Amino acid sequence: MSLLEIEGLTASYGPVRALHGVDLTVGAGQVVALLGPNGAGKTTTLRAVCGMVRTTGTIRFAGRDLAGTAPEKVARLGIGHVPEGRGTFGSLTVAENLRLGAYGRKDAAAVRSDTDEWYSTFPRLAERRDQQAGSLSGGEQQMLAIARALLGRPSLLLLDEPSLGLAPLVVREVFAVLGRVRAERGTGMVLVEQNAALALELADTAYVLEAGRTVLSGPAAEIRTEESVRRAYLGY
Amino acid sequence: MSLVTVVAGSRAHRALRWGTIAAGTAVALAVPFNSSPSLNGDLTLVLCYAVAAAGLGMLVGYAGQVSLGHGAFFAVGAYTAAALLAKTDLHWLLALPAAAAVTFALGLAFGIPALRLRGIYLALVTLALAVAAGPVLKRAEPVTGGVSGLSVPQPPVPGWLAVDADQWLYLLSLAVTGVMLLIAVNLTRGSLGRSLLAIRDGERAARTAGIDVARVKTLLFATAGAYAGVGGALFAFALGFVAPESFTLLLSFTLLSAVVVGGLGTVAGAVLGALFVVFVPQYAGEVDQALTGIIYGGALIAVVYLLPGGAAGLLRRLRRRLIDVVEPTPQRGDNDAVPTSDTAPVGGQPAAGGVRP
Chain A
839 MSLLEIEGLT
849 ASYGPVRALH
859 GVDLTVGAGQ
869 VVALLGPNGA
879 GKTTTLRAVC
889 GMVRTTGTIR
899 FAGRDLAGTA
909 PEKVARLGIG
919 HVPEGRGTFG
929 SLTVAENLRL
939 GAYGRKDAAA
949 VRSDTDEWYS
959 TFPRLAERRD
969 QQAGSLSGGE
979 QQMLAIARAL
989 LGRPSLLLLD
999 EPSLGLAPLV
1009 VREVFAVLGR
1019 VRAERGTGMV
1029 LVEQNAALAL
1039 ELADTAYVLE
1049 AGRTVLSGPA
1059 AEIRTEESVR
1069 RAYLGY
Chain B
141 MSLVTVVAGS
151 RAHRALRWGT
161 IAAGTAVALA
171 VPFNSSPSLN
181 GDLTLVLCYA
191 VAAAGLGMLV
201 GYAGQVSLGH
211 GAFFAVGAYT
221 AAALLAKTDL
231 HWLLALPAAA
241 AVTFALGLAF
251 GIPALRLRGI
261 YLALVTLALA
271 VAAGPVLKRA
281 EPVTGGVSGL
291 SVPQPPVPGW
301 LAVDADQWLY
311 LLSLAVTGVM
321 LLIAVNLTRG
331 SLGRSLLAIR
341 DGERAARTAG
351 IDVARVKTLL
361 FATAGAYAGV
371 GGALFAFALG
381 FVAPESFTLL
391 LSFTLLSAVV
401 VGGLGTVAGA
411 VLGALFVVFV
421 PQYAGEVDQA
431 LTGIIYGGAL
441 IAVVYLLPGG
451 AAGLLRRLRR
461 RLIDVVEPTP
471 QRGDNDAVPT
481 SDTAPVGGQP
491 AAGGVRP
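As given, the protein sequences belong to chains A and B, one line each in that order.
In the working numbering, each residue's number is its place in the first sequence (first place is 1) plus 838.
In the working numbering, each residue's number is its place in the second sequence (first place is 1) plus 140.
Rather than coming from a laboratory, the hints here were simulated on the basis of the structure.
Remember, it's a predicted structure, so these values are computed and weren't measured experimentally.
A hint or two may mislead.
[What the hints assert, rightly or not] Derived lysine to any residue pairs resembling SDA-like cross-links, with alpha carbons at most 25 Å apart:
1. A:K911 / B:R256
2. B:K278 / B:T388
3. B:K278 / B:L389
4. A:K944 / B:R355
5. A:K911 / B:L332
6. A:K911 / B:I252
7. A:K911 / B:G330
8. A:K911 / A:R943
9. A:K944 / A:D954
10. A:K911 / B:A249
11. B:K278 / B:A226
12. B:K227 / B:K278
Required output: the full structure, derived from the provided sequences and hints.
Encoded structure:
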């Protein structure tokens, strides 16, 4: 059984329809890259999974139909979301942000050891644990957003442009951590990314959206060599 | 520059904090034995309003929701306690949780639909509640005694305590207020407070973090209602009498003024604001009745423009002049692989600690 199955998904913001039929499958522990130009519906697809927009079509997560499920319920089912523009809580400290990541969890001891693990993964967060998240640099906020989402121990992580606005070195660091998370925890991921080369490096499969539709899909290695993708997103 | 510098969390800092709390408690306990019965009565009223303002302050300060109907919850709490004591043999101590439960339930019933509304619309709906409270109290004569009100048997001074009635009522209210304020501090520092700040920072992000925004807001609204209810019950104890004219629309504005003047969402602010709304009109009224309104309005405008943190914020700034609390230098983890210069701890003050309510 696939972790996430999306079929014939449409979504609208009021009268404006943003998705016209997206199909996408994420296997357990798989990383899926979602590519496409601006306005193709990548972010909307992630929002649809989270229950943040009105949709038709099917979204099944671990065999369960997600239609009409509220965002907070989706989160508790095991879907972590790192929204575009970080999604950290600026007036809370780093430590408090992480505690919120474990919001639905009752296993206090495991939460503590998970938290310590994230502090050792991102030593900069440990140094700044009592600082307000709003005072962190962009890269640190992105690390915090990822750590916060993963503290909920999701089986699926949705990442919206994790490299946006980050220095190349920091982007490398973030992607290295994502690779490790996949390898060590078997967390499935949907990765929306402008940096297609980087995304295809990490991903197992890739989907290309255009104007709200899936136009191309396949193993990441094949998509990378696809003529149209190469020209449009990889730039050679 | 500050006179003294202490490190947050150090022994000196803890001693300072507990010293302040102990001194405050000592003063609060000593006051009734060194003042007149009428002043004790006024201070008891301060405590009633402080409890209600603490709840409203959480609602306004943490959720950013303005309730103009808090006077109605205060009234319902007062009448619940009054009716129970006047018409049944219930012990007065049980009237407090009863008042809290009734107003909490009312808050839930009202909060679930009302919190679908935002900002000005919520304020208007709660205003309607405040407007309706008086006439409803007058009409529901079998329970409320109508326009003539209800006489409340006041909690009797226990035999083992050699104090006068006014001192007893003050001490009783002080104990209840202390407990309620402690609970408020714990609520706002705990998971509820974190959730509320997260919602304020970004409602969408909070929901995707698993926070049930509607539930948290409704619970807070009901909790704020229960605080007003307990304040109202203490008010009924203190006066020994409840009548509709005590719970006019003005009461809701009075409570909101207490919150704004005192300082949003802080316990000290609730007490300072309550002192303001009880004593300022009294002294102003001695000079001229109309002066009360002018001072009230003037003070509100002055606070909004000059003291965004309210009186509590002012006190905090004054304290900072005397005592500077600095964060301890962060400890380096031993697994700290690349402590380059830009990741080195900045040391000293964390950024903008005062942004919180």
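Okay, the hints, checked on the actual structure:
Between K911 of chain A and R256 of chain B the CA atoms are separated by roughly 19 Å; this keeps the pair inside 25 Å, and the hint holds. The suggested pairing of K278 of chain B with T388 of chain B holds, with an alpha-carbon distance near 12 Å, which does not exceed 25 Å. Between K278 of chain B and L389 of chain B the alpha-carbon distance is near 14 Å, which keeps this suggested pair within the 25 Å criterion. Proximity of K944 of chain A to R355 of chain B is assessed by CA-CA distance (about 19 Å); at most 25 Å being required, the pair is judged to hold.
Proximity of K911 of chain A to L332 of chain B is assessed by CA-CA distance (about 18 Å); at most 25 Å being required, the pair is judged to hold. Between the alpha carbons of K911 of chain A and I252 of chain B the distance comes to roughly 18 Å, so the proposed pair stays at or under 25 Å and holds. For a cut-off of 25 Å, the pair hint linking K911 of chain A to G330 of chain B stands: about 22 Å separates their Cα positions. Simply put, K911 of chain A and R943 of chain A have alpha-carbon atoms about 13 Å apart, close enough for the 25 Å limit, and the pair holds.
For the hint linking K944 of chain A to D954 of chain A, the alpha-carbon distance of about 17 Å falls within 25 Å, and the restraint holds. Our distance criterion of 25 Å between C-alpha atoms is met by K911 of chain A and A249 of chain B, whose separation comes to about 23 Å. The hinted pair formed by K278 of chain B and A226 of chain B meets the criterion: a straight-line CA distance of about 17 Å does not exceed 25 Å. Distance check on the hinted pair: K227 of chain B and K278 of chain B sit about 18 Å apart at the alpha-carbon level, within 25 Å; holds.
Checked against the numbered hints given earlier, the structure satisfies every one of them.
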